[in-house]
Amino acid sequence: MAEVGADQLDDTIVSEPLDLVRLSLNERVFVKLKGDREIRGRLHAYDSHCNLVLSDVEETVFVMDDEDEDLKTIKKQSEMLFVRGDAVVLISPPSQS
Amino acid sequence: MSNGTAEFQAFSPGEETSEIAKNNPSAFLSQITGAKVAVKLNSGVEYRGDLQCVDGYMNIALEQTEEYVDGILKNQYGDVFIRGNNVLYISSI
Chain A
88 MAEVGADQLD DTIVSEPLDL VRLSLNERVF VKLKGDREIR GRLHAYDSHC NLVLSDVEET
148 VFVMDDEDED LKTIKKQSEM LFVRGDAVVL ISPPSQS
Chain B
60 MSNGTAEFQA FSPGEETSEI AKNNPSAFLS QITGAKVAVK LNSGVEYRGD LQCVDGYMNI
120 ALEQTEEYVD GILKNQYGDV FIRGNNVLYI SSI
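Note that the protein sequences, when read in sequence, are chains A and B. First residue of the first sequence? That's 88 in this note's numbering, and the numbers climb one at a time after it. First residue of the second sequence? That's 60 in this note's numbering, and the numbers climb one at a time after it.
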């Protein structure tokens with residue numbers, strides 16, 4: 088008979104890095120993407136590729152304006168967004184210390 | 060084609076080792092969990108924090124993380140997941 092250890096019953100145990108993402112399901116997250124982009128939204132789904140489904144999303148694009156040599160930001164809003172995993176750099180809960 | 064996942068040796072948290080495992084990379088990774096590390100990404104951005112766990116793809120979970128861009132502290136995060144393909148190195152500090 089297979090014995091289920093306490094670790095396997097506890098949903099909050101983090102055994103691998105993706106478990107940290109699992110803890111953020113249905114919570115607001117901050118995601119850093121390639122191409123100097125960041126998004127903040129509510130995480131609905133993820134997979135091992137880091138493909139993500141988010142709702143109520145705000146995307147911030149950091150653009151280096153070569154003419155005025157200024158760092159500009161472009162903000163976009165989306166109700167629902169699918170992010171392809173290969174663009175993801177980091178995922179973090181937005182409540183930053 | 061390997062599936063990319065590595066076998067980790069189990070390490071009890073209280074175990075003290077003065078010698079860094081040199082036999083294979085996965086032994087090193089399982090040994091430094093819990094320690095403060097510097098993770099450098101391919102983009103040059105560096106993250107310093109307490110290493111919670113790593114997997115065979117080099118995905119990383121860090122706690123109490125600081126983000127350094129060009130050597131300057133830019134951001135701080137409570138918990139961070141870093142996708143493994145972006146990682147250049149993980150160094151214990």
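Hints should not be assumed to be uniformly reliable.
Said to hold, decoys possible - Here are the computed lysine to aspartate or glutamate pairs in the EDC-like style, where the Cα-Cα straight-line distance is at most 16 Å: (1) Lys133(B) x Glu125(A); (2) Lys162(A) x Glu145(A); (3) Lys133(B) x Glu145(A); (4) Lys133(B) x Asp114(B); (5) Lys121(A) x Glu146(A); (6) Lys121(A) x Glu105(B); (7) Lys95(B) x Asp129(B); (8) Lys95(B) x Glu105(B); (9) Lys163(A) x Glu125(A).
Since the hints were made in silico from the structure, they are not lab data.
Handout entry: 16 Å limit on alpha-carbon distance, applied to hinted pair Lys95(B) and Glu105(B)
Key = Roughly 13 Å between the alpha carbons, so the hint for Lys95(B) and Glu105(B) holds.
Problem - Given pair status - Asp114(B), Lys133(B), alpha carbons within 16 Å - result: It is violated: about 27 Å lies between the C-alpha atoms, which goes past 16 Å.
Practice task
For the pair supplied as a hint, Lys133(B) and Glu125(A), confirm whether the alpha-carbon distance does not exceed 16 Å.
Solution key: Distance of about 14 Å is within 16 Å: holds.
Practice task
Assess, step by step, whether the Cα of Lys133(B) is no farther than 16 Å from the Cα of Glu145(A), and give holds or violated.
Solution key: Between Lys133(B) and Glu145(A) the Cα gap is close to 21 Å, so the pair fails against 16 Å, i.e. violated.
Handout entry: Distance restraint between Lys121(A) and Glu105(B), which requires alpha-carbon spacing of 16 Å or less
Key = 15 Å, holds
Problem - Hinted pair Lys163(A) and Glu125(A), Cα distance within 16 Å - result: OK: Lys163(A) and Glu125(A) at ~11 Å, within 16 Å.
Exercise for the section: Quickly compare the C-alpha distance for Lys121(A) and Glu146(A) to 16 Å and report which way the hint goes. Expected result: 12 Å, holds
Problem - Hinted pair Lys162(A) and Glu145(A), Cα distance within 16 Å - result: 7 Å, holds
Exercise for the section: For the pair we were handed, Lys95(B) and Asp129(B), check the Cα-Cα distance against 16 Å. Expected result: Judged against 16 Å, a Cα distance of about 20 Å means the pair is violated.
The earlier numbered hints that this structure contradicts are 3, 4, 7.
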